[in-house]
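*Asks:* Residues per chain are reported as follows:
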Amino acid sequence: MADRVILTIGTKKGVFVADAAKPRRNFALRGPFGPGIPVYSTLIDTRGAPRLYASSCNPFFGMKVLRSTNMGKSFEETKSAPAFPKDDGRVLANIWALEPGGGKKELWCGVEPASLFRSGDGGDSWEMVPGISNHEHARKWQPGNGGLCMHTIIRDGNRVHLGISTGGHYLSEDGGATFRASNQGVGAGFAPDPYPEFGQCVHKIARHKDAPGRLYMQNHGGWADWTGPGGPRPDIGVLRSDDHGKTWRSIAKGLPSDFGFPIVVHPHNADTVYVVPLEPSTRSCPGSAPAVWRSENGGNSWSRLARGFPKKQSYFTILRDAMDVDRLKAPALYFGTTTGQLWIGREGGEKWDCLFDSLPPIHNVKVAVV
Amino acid sequence: MSAPTITLHVLGALRTYCAGAAQLSISAHTVRAALEDLERSQGDLYRNICDETGMVRRHLNVFVNSDNVRDLDGVDTRLAPGDVLTILPAVSGG
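Note that the protein sequences, when read in sequence, are chains A and B. Under the numbering used here, residue 370 is the last one in the first sequence; the count climbs by one each step, no gaps. Under the numbering used here, residue 464 is the last one in the second sequence; the count climbs by one each step, no gaps.
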């Protein structure tokens with residue numbers, strides 16, 4: 001079968017799947033699967049025969065993991081979903097991250113309240129990862145507006161990076177057995193101490209496999225005007241690390257706002273990174289004019305990409321997992337909005353078109369070429 | 371004394387977790403005992419009704435006949451022969 005570009009779109013009312021031939025001219029949409037139930041995380045697992053996964057976060061009947069083995073024509077529940085041990089006392093509230101693990105069928109799953117689970121059989125059984133789930137800090141983390149969520153899982157050999165809102169960045173260097181808070185240079189605006197050991201409201205972390213040690217972070221910014229204890233914290237929102245997340249420095253200079261949710265790295269150039277600056281008060285783009293901002297030099301400077309977007313009166317939000325980029329030679333970006341629009345940014349974001357205009361509010365967008 | 375037999379009405383959305391059954395007969399003295407029976411006999415259905423700590427999920431209501439157990443003795447509400455147990459989602463919109 002010829003390669004196809006496939007999108008998974010997690011929404012407030014189920015997961016949708018869209019696909020297109022490589023020119024990406026016409027996307028066919030199907031779904032919703034798990035209709036009516038919020039989906040906060042999806043995964044297109046391209047190890048072997050492609051499998052699609054989606055978290056189905058039912059507020060009434062609990063969490064499920066959906067799996068498709070036919071490219072999203074249908075989904076079925078896996079045999080079980082992550083669950084805390086009965087004597088733990090915590091109750092699973094949402095599933096925020098699904099990522100492939102080391103083994104062919106290994107999956108990792110970040111949940112709310114912030115904890116990590118691992119499956120060795122493609123999602124049919126799960127075990128809690130105690131090194132972070134029972135970390136000495138775990139009962140001190142506080143929920144952000146979206147809940148106390150573990151939303152980012154990045155594996156890099158024996159290193160594992162986790163993003164927790166609000167817990168901060170945690171690093172394991174022993175394959176996930178033990179973790180430590182690793183937030184030097186990561187600011188917080190909602191505490192008197194501007195640089196606490198942990199408790200930062202990290203929004204998303206991204207990595208490029210060809211840049212060892214390099215990480216980009218979208219943190220909870222928007223604190224430049226703070227005049228209370230600890231003083232103003234300008235530019236704490238967009239950060240970079242070059243030492244595997246041990247230390248971080250701001251790369252927010254030149255952006256219209258350091259607040260935002262997603263951060264995405266170009267698939268073929270580790271120096272090219274994309275963010276969507278938002279006004280902190282409205283969670284919409286400055287001046288109500290949507291734009292994606294791109295740096296082509298690792299965050300030293302930024303340029304505005306807005307060709308094809310409305311020029312005014314547009315107030316959507318793009319959530320932390322609602323933007324992704326495909327891996328074709330001239331890659332396209334994709335993002336979904338809280339107003340149910342799915343946009344494609346062709347030629348690396350140079351020209352934007354709305355693919356679908358009236359989906360439910362979008363939480364999550366993933367893309368792969370399969 | 372043998373436990374009274376009651377009927378559990380299964381919500382349409384949950385019948386896939388109990389082989390399509392619309393009703394289940396359970397012998398139990400209390401709502402708690404009925405849920406424990408369900409955990410043993412219908413584990414998939416049970417996990418939709420109770421969380422991992424064993425509590426009824428927070429957005430579900432449990433009725434014995436027409437009374438919410440919240441207004442009776444909670445899951446310790448006693449059951450009588452012929453009672454009908456109904457578990458429903460709390461009303462929601464959006």
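It is worth saying that the hints were derived from the structure and are not from the lab. Incorrect hints may have been included.
Unchecked claim - Computed list of lysine to any residue pairs in SDA-like fashion (alpha-carbon distance at most 20 Å, straight line):
| no. | chain 1 | residue 1 | chain 2 | residue 2 |
| --- | --- | --- | --- | --- |
| 1 | A | Lys312 | A | Lys329 |
| 2 | A | Lys22 | A | Asp3 |
| 3 | A | Lys79 | B | Pro459 |
| 4 | A | Lys79 | B | Ala383 |
| 5 | A | Lys79 | B | Arg410 |
| 6 | A | Lys12 | B | Arg410 |
| 7 | A | Lys104 | A | Gly122 |
| 8 | A | Lys86 | B | Ser411 |
*Asks:* Against each hint, give a clear statement of whether it holds in the structure.
*Replies:* We went through each hint and held it up to the structure:
no.: 1; hint: A:Lys312 to A:Lys329; result: 32 Å, violated
no.: 2; hint: A:Lys22 to A:Asp3; result: 7 Å, holds
no.: 3; hint: A:Lys79 to B:Pro459; result: 23 Å, violated
no.: 4; hint: A:Lys79 to B:Ala383; result: 17 Å, holds
no.: 5; hint: A:Lys79 to B:Arg410; result: 17 Å, holds
no.: 6; hint: A:Lys12 to B:Arg410; result: 33 Å, violated
no.: 7; hint: A:Lys104 to A:Gly122; result: 8 Å, holds
no.: 8; hint: A:Lys86 to B:Ser411; result: 18 Å, holds
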